[in-house]
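Could you put together the complete structure from these sequences and hints?
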Amino acid sequence: MNKAIMIVGVGGQGTLLASRILGSALLSKGYDVKVSEVHGMSQRGGSVVTYVKYGEKVYSPVIGEGEADLILAFEQLEAARWLPCLKTDGKVIVNTQKIDPMSVVIGDSVYPENVLADVRAAGAEVQQLDALPLAVEAGSAKAVNVVLIGAMAKNTDIDKEIWLEAVKSCVPPKFLELNLKAFELGYQS
Amino acid sequence: MKKLLLGNEAVARGLYEGGCRVASSYPGTPSTEVTEFISTYDEIVSEWAPNEKVACEVAFGAAVAGARSFCAMKHVGLNVAADPLFTSSYTGVNAGMVIVVADDPGMHSSQNEQDSRHYAQASKIMMLEPADSDECLKYSKMAFELSERFDTPVLLRLTTRVSHSRSLADVGERADNGLKAYEKNPQKYVMVPANAKVKHVVVEERVLKQVEYCETEAVEAGLNSVEYNDKKIGVITAGICYEYAKEALGDKASYLKLGCVYPLPTKLIEDFCKECDTVYVLEELDDFIETHCRKLGLDVIGKEKFTLQGEYSQGLIRKVILGESTASLKADTQIPARPPVLCAGCPHRGLFYSLKRLNVTVSGDIGCYTLGASKPLGMIDTVLCMGGSVSGLHGRNLADPDNAKKCVAVIGDSTFIHSGVTGLIDIAYNNSNSVTIILDNSITGMTGHQQNPTTGFNIKGEPAAAVSLEKLCEAIGINNVFVVDPYNLDECYETIGKALSLEAPAVVISRRPCALLKTVKHNPPLKVNKDKCKSCKMCMKIGCPAISMKDGKAEIDFTQCLGCNVCSQLCKFGAIE
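If you read the protein sequences in the order shown, they are chains G and D. Take the first sequence: its position 183, counting from 1, is numbered 183 in our numbering, and each next residue is one higher. Take the second sequence: its position 234, counting from 1, is numbered 234 in our numbering, and each next residue is one higher.
Quick caveat, the hints were computed from the structure, so don't treat them as lab data. Since no wrong hints were added, every one of them can be taken at face value.
Straight line, CA to CA, 16 Å or less: simulated EDC-like cross-link-like pairs of lysine to aspartate or glutamate:
(1) G:91 / G:125
(2) D:375 / G:108
(3) D:550 / G:113
All figures in this text were calculated on a predicted structure; none of them were measured in a lab.
If you want it as structure tokens, here you go:
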């Protein structure tokens with residue numbers, strides 16, 4: 001049975017690195033893996049999504065309505081935006097960070113008040129964490145992505161050692177220690 | 001050995017293994033990474049060209065000289081390269097030549113949704129279309145062989161999902177046959193009418209031979225493939241749509257997968273249609289394969305049930321063909337859209353704010369700065385194509401000279417070199433009272449930081465000759481060239497105002513490197529002094545994603561702010577420190 005994971009967030013939050021770590025870990029388990037990314041225009045602070053699918057044989061690299069087993073959301077509003085892609089018995093892991101879209105910044109629209117309550121009310125299982133302070137604790141606000149990967153890792157049947165190897169293979173040596181700490185903080189959260 | 005490769009990376013690997021020796025491209029999403037990966041191979045001479053036409057001509061020259069060569073571009077780039085494309089079909093090649101063209105169904109990062117397959121048909125150049133990274137690698141290698149065998153360039157068509165998806169690809173060794181001998185042959189390479197008339201006959205014969213190849217050998221080689229399962233539903237498809245169809249229909253359908261989308265086989269398609277009860281043609285964008293089937297008198301279902309717009313998906317195919325839909329959840333909440341914005345610290349922001357103060361009409365162009373069209377800046381009136389801002393402004397000013405002092409063009413450094421410079425020559429030559437603003441951020445930004453002829457570095461990051469924009473403008477005949485720092489709002493306002501007041505062509509170079517460049521040093525993040533903030537929201541007018549209102553006062557997100565000080569120039573109360 002194939003599994004489908006979506007990583008969603010705001011351009012600049014580092015969703016691409018997260019999907020690379022995830023892809024690398026899944027590959028070590030011997031799965032067929034497809035990862036679909038967004039490059040270009042959408043990276044500039046826009047809503048971004050990466051699809052990761054794995055199993056014995058994967059065809060389509062994208063995930064459509066009602067097809068995701070898990071959504072890893074880097075931001076609350078993005079969790080709600082992509083919720084329709086979740087299976088009705090799927091799970092959302094969400095970073096409680098809020099980033100105002102430009103329309104909210106300039107007062108054209110409002111950031112909804114209880115986004116996660118709405119996501120839960122829709123029927124989704126939600127696990128939330130505040131990844132930004134953990135990333136800062138690890139040494140950089142930019143490590144939010146690896147904290148979240150750590151939190152997600154605990155929800156999979158992949159050994160921690162494999163995850164750590166995947167982190168090692170995807171981040172520059174200069175930032176390895178920081179990222180391993182970020183992963184650990186996410187994993188323990 | 002199997003590796004998880006991005007589609008574009010797999011194309012680069014295939015070209016490398018296929019003995020590519022020369023590569024020249026202009027960046028364009030979603031094609032850019034092909035050439036970036038190529039540049040990591042020392043055996044290949046790789047370059048960024050000023051535009052796609054130049055890139056295609058460089059690749060052509062190299063192929064004639066005897067080196068397997070390649071160029072890559074996005075779909076609209078092929079419009080620019082169309083001139084060499086069409087006639088290279090007549091001359092043919094010596095060593096193999098591959099032209100990679102990446103379409104963008106759904107317009108993730110493009111100004112239109114054109115279907116490049118029409119170019120293959122119009123220029124009578126063979127076109128292959130892979131569906132995943134493994135095929136990207138295989139087809140790229142195969143393209144060199146087919147190019148030499150049929151004496152033609154070969155197009156490799158990608159789409160965004162193939163270019164930007166990672167999947168497993170079988171990586172092999174490089175085979176380089178060295179430089180092929182070049183023999184002088186004007187009848188083949190000099191396309192004057194007398195020679196071209198003879199070559200046109202050759203082109204038409206070549207297409208017939210390729211059709212024969214597609215019916216037989218292409219099937220043996222796995223390029224075109226037939227897979228019979230349940231025959232109640234037959235699917236004729238190519239590229240990424242094959243993956244969507246397989247996921248949606250599995251063994252409930254039979255498949256004719258076309259790895260070569262031009263030319264298309266006849267008998268193979270007719271035989272497949274005979275075997276299946278109902279045949280669907282699944283292809284994104286235009287009804288290219290469907291039209292071919294209809295020409296053969298075959299009763300197929302295509303665009304009447306599907307769409308000419310955007311991307312297909314397994315969900316769409318499941319719904320249309322099987323009538324099945326998937327249950328989903330929806331949060332009962334209004335979710336504000338989150339389109340892309342100019343980054344915090346982006347030098348374009350100060351420039352656009354200054355244009356807003358000047359209340360001008362802005363002829364825009366293609367690049368990050370197209371985002372200046374979004375609210376709250378909203379300072380772009382038109383965007384057409386690469387370079388179109390400059391010549392478009394000239395046309396506007398010809399039509400409405402009374403308002404010329406209220407109109408400017410904005411164009412990035414890379415786009416200006418690509419094709420804006422010819423528009424500026426037009427302005428100088430015809431003494432147009434037009435003001436062109438070159439947004440020089442020292443990089444090709446939107447496609448992800450590629451060097452260009454103005455940056456002083458080549459594709460490998462080695463020092464290179466740099467075009468001096470000031471000297472270039474002067475050499476063209478522009479006698480009024482100004483340079484401003486877009487972080488300095490008053491300087492921008494005054495200088496552009498001055499340029500507009502002149503009765504002569506003028507250029508303003510707005511110069512400041514992209515804030516995301518690793519070489520750029522940032523100031524510490526700014527902070528709002530809540531005691532001084534009067535909640536006037538002046539700082540919100542520049543649309544910086546780092547600034548928001550929290551509890552009635554402005555707040556700056558320290559994770560995003562790069563200390564550019566544009567917002568602090570707007571605060572009348574000195575609250576931003």
